[in-house]
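Peer 1: As a plain string of letters, each chain reads:
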Amino acid sequence: MKEQMELIKAKALEAIEKAETSVELNDVRVRFLGKSGEMTNVMKGLATVPKEEKPAMGKLLNEVRFAIEGALDAKIKAVAEAEKQARLKAETVDVTFPATFKKVGTLHPVTKVKNQIEDIFLQMGFSVEEGREIESDLFNFQLLNVPKDHPAREMQDTFYCADDIVLRTQTSAIQARIMLEKQPPIRVISPGMVFRSDDDASHSPVFHQMEGLAIDEHITIGDLTGCLLTFAQKMFSEDTQLRLRPSYFPFTEPSVEVDVTCAMCHGKGCKLCKGTGWMEILGAGIVNPAVLDMCGIDSKKYSGFAFGFGIERIAMIKYGIPNIKLLYENDVRFLNQFND
Amino acid sequence: MLAPISWLKDYVDINVSPEVLAKKLVSIGFEVEEIIYQEKSASKIVVGKIIEVEKHPNADRLRVTQIDIGSGRIQVVTNVPVVGGETIAVALDGAVLADGHKIVKGELRGVVSEGMLCGLEEIGATIDDVEGQNKDDIIRFPEGTALGANALKTLGFDDVILDVGVTANRPDCNSIYKLAKEVAVALKTDCREPEINYSTVGGDVSDFVAVDVQNNELCPRYMAGAVKNVKIFPSSHKIKSRLHAVGIRPINNIVDITNYVLTEIGQPMHAFDLRDLDGGRIVVRNAHAGEEIVTLDGKKNTMTENMLVIADASRPVAIAGVMGGENSGVKDDTTTIIFESAKFLNSSIRRTSRALALRTDSSARFEKGIDFASQEYGIKRALTLIAETNSGEIVDGFIDCKVEYAQVRDIEFTTKQIERIVGCKVLKRTLISILSRLGIECDDNGTSLVAHIREDREDIVGINDIAEEFIRVYGYSHIKPTLFEYSKLTKGGKNAKILFVDRVKDALVSLGLNETISYAFTTPKFAQALQLDEGDKLCEAIPLVNPLGEALSVMRTTLTHSMCETLAFNITHFNKEAALFEISNVYIPKALPLTELPDEEQRLAIGLYGADVDFFTVKGVIEELFEKLSIEGKYQRASLNYLHPGRSAEVYVNGILVGHVGEMHPDSAKFYGVDNRLYVAELSIDRLFELINTTKTFKPFSKFPTMERDLAVVVDEEVAVGDMLDAVSGGKIKYLTDLTAFDTYRSDAIGKDKKSVALSFTFASLEGTLKDDDINGEMNRILSILKRRFGAKIRG
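Protein sequence lines, in the order shown, are assigned to chains A and B.
Under this note's numbering, the first sequence has 187 at position 187, and the numbering climbs by one with no breaks.
To convert a position in the second sequence, counted from 1, into this note's numbering, add 1000.
Mixed in with the good hints, there may be bad ones.
[Stated by the list, open to error] Listed next, the in silico DSSO-like pairs over lysine-lysine satisfying Cα-Cα at most 27 Å (straight line): (1) B:1480 / A:301; (2) B:1619 / A:234; (3) B:1670 / B:1619; (4) A:271 / B:1505; (5) A:102 / B:1505; (6) A:234 / B:1755; (7) A:301 / B:1416; (8) B:1576 / B:1537; (9) B:1044 / A:103; (10) B:1023 / B:1188; (11) A:325 / B:1153; (12) B:1102 / B:1044; (13) A:268 / B:1023; (14) B:1787 / A:318; (15) B:1576 / A:103; (16) A:271 / B:1023; (17) A:182 / B:1494; (18) B:1416 / A:300; (19) B:1331 / B:1238; (20) A:102 / B:1576; (21) A:89 / A:2; (22) A:301 / B:1491.
[Claimed, not checked] Residues of chain B clear of chain A, computed beta-carbon distances all greater than 10 Å: (23) 1043; (24) 1168; (25) 1204; (26) 1302; (27) 1351; (28) 1407; (29) 1468; (30) 1480; (31) 1520; (32) 1600; (33) 1701.
Since the hints were made in silico from the structure, they are not lab data.
In this text, all values refer to a predicted model and were calculated from it rather than measured experimentally.
Glycine included, C-beta positions come from ideal geometry on N, C-alpha and C.
All chains should be modelled from the sequences, with the hints used to inform the complete structure.
Peer 2: This is how it looks when you write it as structure tokens:
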């Protein structure tokens, strides 16, 4: 029996030595240590060993068993490590290969710039209101101090739906609605689509404006300047400067055109600003007292400023978009660029 | 407004460059759109002297000339019959002519030519612009003219013209003289008035003509003067060149004088031939309906009753303020003229001019508005020019029919009030002095100032106007920026609807869609594209009265059409796939034609195409959007003409229809010129906004293991899986936390018009770990619901 055990031990150790995979090692375990394995069979034979030899044989049996188990465990560990290493090696990928991912969408550049402008004015206590796109002549013109036959109507080419119903030519149309609804202090911006019957290389019959209106007991051109300077510096860059030029709009008096230092060259003069260092971006002024009175706000007590500018123009400056028409073609190769 | 600087200089001394002048004008509110240098209308054209002329060896009609251009000699081949010794204008190699044509050295029939002899056309001038030249001939200079000098300058074609943008509140500045007054303000200097100086030969204008103004609302003032023994001849070079420089064609001395006064003073004038005024009468009256008049341009105009005409005793002789009649204009043999200098109501002139499609310098000027001071000044200035040019004998007196008007308006104000508008310190003496420079004199009565506004400044009506006059001259650069120094704080913020739209947009962007914006108006053919039936509500699109063209002539009632156009644009522009959305209004009229403002409804359109896109891709976008909005969509088969009948659905939230989703009908897709399958959805943002749940509360969830069971049942083909899921959801099944369908299978074994639907259920309990026994009963209940409601059988 002793010889038998030695033989099993030798066979087992040899089998362990030969085995190369965890599957083979498991076979070895079953063959020698399993329920009907060779070692088990030997152990069953222990019953027939004379009583006095039993302790020695038992001891030997255990020694053999431990030797096999020890060798087996060591080999299993080694094989598992080798197999892990082999798997990791096999799993190597080319990390430079293009990834699979879900495409991220984009907001339209006009929306992006609109949001950015809104954020700037929200921080200055402005609220956002949106008005109608098809508007009555009353709100689009008359309450803004542009009666019928006023020469200022020439300034804007208006689309008509009916005699007294127009596509709003300016977001200013919402001014009157706001003023008729609430009393000062008023601080509102209103973005939106506007319409002019003007269609050439540099004009689109549909574009977007941002209107601003602030009314309180003591609003000055200084406040208008400060507010617009804050906007321009946050929108373009901290060193942006402002220049006001006298102009005319029926609903403001005094009226100004506002230029900012060129966003590209910071005022030095470049192609974008045609060498002037300045870019015209908006019209503004002190709300005409006649407009306040027509809209139920006491012009003796209150004053205000208003401004309006084209969102497309700001977007085109910001992104260097050469042609306003690109904004309305909606080519995905154009739209995909605005994922900033 | 074109303003030659030489003309401005008649009234104001200008000692700065045109560029500096332009900047100064801009700073006080007059945009200078362009500075036009006459001498730069062509380049590298110099004075040359022909030294030698020889016949061209290879061409009978050509000559080879040697020309001395001061700095040297050049050879020029020409077909002009020039002779030696003549001084001419020659374009050198590299010259650019007025029409943009470039002159380059080259060979003409084998002989080198280094330039070209020039006529007036080549330099962009006419015989009205320069003296002593002939039409259709080359430019010739007198003997002794400096050679090599700029030919345009030598000709005196060297004025600088400012193109000034005059704002609508300053109609008075559409004249050289009033603009000169502003130049004087800008340059801090004085302005001279155009001279009034003539003598009359006695008589009385009323012996020649009688004026009867029958509508003084449309004609608040009508002045008439008479000139007899008129001689008609071409105007002087000065008048002709000035008129031509501002874009007016010189005609003869009398017509030129009326146009000169229009440009100089801003007062439109007209001259009638007295012989043509029947009864020696001028009647200013409304036209009779259907009355006809042939104007000076030869056009026959049919008048309506709201138009104003100038008539004689029997017939109309002019359309008031617009154009004179062919029957009464100045002719070569005219001997007595009646000058008209009138004020017509601007709105009346505008309407008439529009209705007749007749725009003239006169009507344009009247439309902008003419003040009461100009009529008298204008007619006196015209008579001064008659005298200056010896054009006739001036009859004594004027006829002047006018309504009452205030000659001077007073505005009382304080410096404090001005400060409150402009926001900077205002010194009283600075204020008074600036206003005085602008021709506004003030009385200082200690506590306040009273400004006297003359009638030519109709735009100044209140303190804000005074503030503007002050600050535009004082300079906006004096104002320091402040940020609501004297104002109350305001809350600010966006309203719930705007925030909702922002949220929808952000959600769609995160799903990989690009936002688009398209025009709010479209072609009426959209109805055809969408195959709409005649009575379909969507066909009721508001038409524009004055569209840019048919393609942009109706306000859209649906976004789907625009979305399809955008998808098609991308397909035809080589983009393999697109996933787009737009949030915009549609316009729903209450009635057509429009009598009141229409409803504007905000909509969301989604559009997709591409190799991996199908119905469930676009439905998936909606589902994911709804997930982000925490609302649940239900779908029912839709039947819309423009959607695929088998692949389109109505979308419901809380039982309310919010829109549609589906594949475009192939017939509609074809209209957009593409074969691709287009997937679209259009949902009402307004309705979704009302349906979103704005309050969220925590719901407990099980911490124990979940159990999952699958079930495959066979049902009839037309059974909607969504209905099956809804039925189970609503069946009060215990422990059921989630259910979905994951497969549909059809085969012969299952049977014709049958399908097998594989459903998956997830169970969990808040109290403990579930056992099979807990679930078996619930699965049986599920099966019995499916059997009862849908005739479902367990798939064997």
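Peer 1: State for each hint whether it applies.
Peer 2: Hint check results:
As the CA atoms of residue 1480 (chain B) and residue 301 (chain A) are separated by approximately 23 Å, the hinted pair is consistent with the 27 Å bound. Among the hinted pairs, residue 1619 (chain B) with residue 234 (chain A) is inconsistent with the structure: their alpha-carbon atoms are about 40 Å apart, more than 27 Å. With a C-alpha separation of about 23 Å, the suggested pair residue 1670 (chain B) and residue 1619 (chain B) falls inside the 27 Å cut-off, and the hint holds. Among the hinted pairs, residue 271 (chain A) with residue 1505 (chain B) is inconsistent with the structure: their alpha-carbon atoms are about 35 Å apart, more than 27 Å.
About 17 Å separates the Cα atoms of residue 102 (chain A) and residue 1505 (chain B), which keeps this hinted pair within 27 Å; it holds. For the given pair, residue 234 (chain A) sits about 62 Å from residue 1755 (chain B) by alpha-carbon distance, which is inconsistent with the 27 Å threshold. About 14 Å separates the Cα atoms of residue 301 (chain A) and residue 1416 (chain B), which keeps this hinted pair within 27 Å; it holds. The suggested pairing of residue 1576 (chain B) with residue 1537 (chain B) is violated, with an alpha-carbon distance near 34 Å, which exceeds 27 Å.
Of the pairs offered as hints, the one joining residue 1044 (chain B) and residue 103 (chain A) is violated, with about 59 Å between alpha carbons and a cut-off of 27 Å exceeded. Between residue 1023 (chain B) and residue 1188 (chain B), the direct Cα distance comes to roughly 14 Å. Compliance with the 27 Å bound is thereby established for this hinted pair. A hinted pair counts as satisfied when its Cα atoms are at most 27 Å apart, and residue 325 (chain A) with residue 1153 (chain B) does not qualify at roughly 43 Å. About 10 Å separates the Cα atoms of residue 1102 (chain B) and residue 1044 (chain B), which keeps this hinted pair within 27 Å; it holds.
Among the hinted pairs, residue 268 (chain A) with residue 1023 (chain B) is consistent with the structure: their alpha-carbon atoms are about 18 Å apart, no more than 27 Å. Taken as a hint, the residue 1787 (chain B) and residue 318 (chain A) pair is broken in the structure, with Cα atoms around 63 Å apart against an allowance of 27 Å. With a CA separation close to 14 Å, the supplied pair residue 1576 (chain B) and residue 103 (chain A) stays within the 27 Å bound. Using a Cα cut-off of 27 Å, the hinted pair residue 271 (chain A) and residue 1023 (chain B) holds, with the two alpha carbons roughly 20 Å apart.
With a C-alpha separation of about 16 Å, the suggested pair residue 182 (chain A) and residue 1494 (chain B) falls inside the 27 Å cut-off, and the hint holds. Under the criterion of a C-alpha separation no larger than 27 Å, the hint pairing residue 1416 (chain B) with residue 300 (chain A) is consistent with the structure, at around 14 Å. In summary, the hint linking residue 1331 (chain B) to residue 1238 (chain B) is supported, as the alpha carbons are separated by about 22 Å, within the 27 Å threshold. For a cut-off of 27 Å, the pair hint linking residue 102 (chain A) to residue 1576 (chain B) stands: about 16 Å separates their Cα positions.
Proximity of residue 89 (chain A) to residue 2 (chain A) is assessed by CA-CA distance (about 46 Å); at most 27 Å being required, the pair is judged violated. Under the criterion of a C-alpha separation no larger than 27 Å, the hint pairing residue 301 (chain A) with residue 1491 (chain B) is consistent with the structure, at around 22 Å. Non-interface call for residue 1043 (chain B) relative to chain A: holds, since the shortest CB-CB distance, roughly 21 Å, exceeds 10 Å. Look at residue 1168 (chain B): its CB is around 4 Å from the nearest CB on chain A, not clear of 10 Å, so calling it non-interface is violated.
With 10 Å as the threshold on Cβ separation, the claim that residue 1204 (chain B) sits away from chain A holds: the shortest Cβ distance comes to roughly 38 Å. Against chain A, the non-interface label of residue 1302 (chain B) holds: every CB pair exceeds 10 Å, the least being about 23 Å. Against the 10 Å criterion, residue 1351 (chain B) falls within the reach of chain A, whose nearest CB is about 8 Å from its own CB. Taking the minimum C-beta to C-beta distance to chain A, about 23 Å, the non-interface status of residue 1407 (chain B) holds against the 10 Å cut.
The non-interface label for residue 1468 (chain B) is inconsistent with chain A: the shortest C-beta to C-beta separation is roughly 3 Å, within 10 Å. Not every CB of chain A is more than 10 Å from the CB of residue 1480 (chain B) (nearest about 6 Å), against its label as outside the interface. A Cβ of chain A approaches the Cβ of residue 1520 (chain B) within 10 Å, the least distance being about 6 Å, so the stated non-interface status is violated. A beta-carbon of chain A is positioned within 10 Å of the beta-carbon of residue 1600 (chain B); the least distance is around 6 Å.
Annotated as non-interface, residue 1701 (chain B) keeps its C-beta farther than 10 Å from every C-beta of chain A; the closest such distance is 27 Å.
The earlier numbered hints that this structure contradicts are 2, 4, 6, 8, 9, 11, 14, 21, 24, 27, 29, 30, 31 and 32.
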